[in-house]
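**Q** For reference, the chains in residue letters:
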Amino acid sequence: MRPSTPMSPGGGDHVVRVAAVGDIHLAPGCEGLLRPAFTKLPECADVLLLAGDLTRHGTVDEARVVAEEVRDIGVPVVAVLGNHDYHSDQADEVTRTLGSAGVNVLEGQSAVFSVGDHRVGVAGAKGFCGGFAGRSAGAFGEPEMRAWVRVAHVGAERLGSALEELASERCDVRVALTHFSPVPDTLAGEPVEIYPFLGSYLLAEAIDSVGADLAVHGHAHLGTEHGTTAGGVRVRNVAQPVIDRAFALYELPVPAREAA
Amino acid sequence: MTEHASPEVEYRIARLRERLAGDDVAELGVRIELRGATVLLTGSLATADRRDEILRLAREELDGIVVRADLTTPSADAPDHGEQLS
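Chains as they are written, first to last, in this note's numbering: chain U, 1 to 260; chain G, 1 to 86.
The hints are simulated quantities; they were obtained by calculation from the structure and are not laboratory data. Using N, Cα and C, we set each Cβ at its ideal position, and we do this for glycine too. Do not take every clue at face value.
Here are some chain G residues pointing at chain U (derived, C-beta under 10 Å) [as the list claims (entries may be wrong)]:
1. Asp-24
2. Ala-78
3. Gly-82
Listed next, with one range per pair, are the computed distances between beta-carbon atoms [what the hints assert, rightly or not]:
4. U:Thr-39 to G:Gln-84: 20 to 30 Å
5. U:Glu-43 to G:Leu-34: 40 to 50 Å
6. U:Thr-39 to G:Thr-42: 27 to 37 Å
7. G:Thr-42 to U:Pro-255: 34 to 44 Å
8. U:Asp-117 to G:Asp-24: 33 to 43 Å
Here chain U stands alone, though its shape is the one from the complex (with noise of 0.2 Å):
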C-alpha cells in the first residue's frame, strides 16, 4: 500500500489512481501476456480492478492463468466475474482461483482499503443485460422471460446494496465496477439492435440513486470508452479491445473532509 496519496498535478488536491481493464479473456497459452504491463502498476496506480471476461470459457484452468498474471503485483486488485466466467458453470471455483491468488471477487459487496489517509471503496456485481430506459425488456409473459428481467433486477439490487455499503463506510472516493454497462454511451459503436444484450439502465438507477465517483465496466469490446449516467457519474468502458491498453489509468481527486 503506498504510503501517502500522490497530489494531483494541477497542485493541492489529492488523487486516487485507478486502473481498470476487463474482456481480457485469458487461457492456458495467454500466460505473461498482461504480466510485464501488471508489474508496473505500484508506480502508477493505487488499485487495479477487473471488470469480467477474465477468462475464455470460465474454467478453473484458465482462471489459473489470471492468478498467475496479478499474483502479488503489488496494488490490490478487485474484481467481478463476467458472463464468460460463468459458462462452464464453474463461477464459485474461478472466484476461490482468483482468491487464491489475492484477488477480490464481488458480487454483491464493496471492498474498502486504504490509500494514504483516505479511504477507497469499490462496490462490485456483474450485473446483466435487459435494455435501458425506453427500450427495455419488461417481466412480462412467459417464466422464462420473466426470470431473465428479474437477474437484472438482481444484479442492480446488488449493486445499489455494496454502493449502500461504501456510503455507510464513509469512503473518500467510491467506485462502482461491473462487467455489463449501466449507460448506452458506452456501447457506441456496437450494433444498437444489441444494446438490450449489452447492459441494463437498472444498474445507472442504482448508481444514480446511492452515488460514486466513476463507474467502470467491460463487456462491449466494440463500444466505446466515455460515457456518463443520467445522474452525471462518469462510465467508462475498459473492455481491453476499446482501451486498446493492458489497463486503462482514471484519477480521480479526493473531496476535502469536512472539518469534524
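We have chain U; now place chain G onto it with these hints.
**A** Frame of chain U, contents of chain G only:
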C-alpha cells in the same frame, strides 16, 4: 453494378456466428458482415493465435465465399498517462 451474394449467405453467416459463440470457441467479440459478395470480419482478439483460429473457422464455414478480415489484437502495454477526472 455491385455483385451481391445469394440469400443463402446470410444463413451461413448466422451459422458462423453461432459456431463462434459456441462452447468450444466462445468468441462473441467479432463482427461478421456481408459486404457486397464478400464477408468482412472485424474486431479485436486477445492474441494473434486466437485471431488466426477465428479466421480459419470463418474460411472453413464460409468456403466458396471471399472472406476479408480486419481483426486486431489489443496492446498489452501499460498506458503512458492517466485520465484526470475533475
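**Q** Each hint needs a verdict: does it hold in this structure or not?
**A** Status of each hint after checking the structure:
Taken as an interface hint, Asp-24 (chain G) checks out: its beta carbon lies about 8 Å from the nearest beta carbon of chain U, inside 10 Å. Using the Cβ-Cβ criterion of 10 Å, the hint placing Ala-78 (chain G) at the interface with chain U is satisfied: the shortest such distance is roughly 4 Å. Taking 10 Å as the C-beta cut-off, the interface hint given for Gly-82 (chain G) holds, the closest approach to chain U being about 3 Å. For the hinted restraint 20 to 30 Å between Thr-39 (chain U) and Gln-84 (chain G), the CB-CB distance of approximately 24 Å keeps it satisfied.
With their beta carbons about 47 Å apart, Glu-43 (chain U) and Leu-34 (chain G) fall inside the hinted range of 40 to 50 Å. At roughly 32 Å, the beta carbons of Thr-39 (chain U) and Thr-42 (chain G) sit within the given window of 27 to 37 Å. A beta carbon spacing of about 42 Å between Thr-42 (chain G) and Pro-255 (chain U) agrees with the range 34 to 44 Å that was offered as a hint. The hint said 33 to 43 Å for the Cβ distance between Asp-117 (chain U) and Asp-24 (chain G), and at roughly 51 Å that hint is violated.
Violation of the numbered hints given earlier is confined to hint 8; every other hint is satisfied by the structure.
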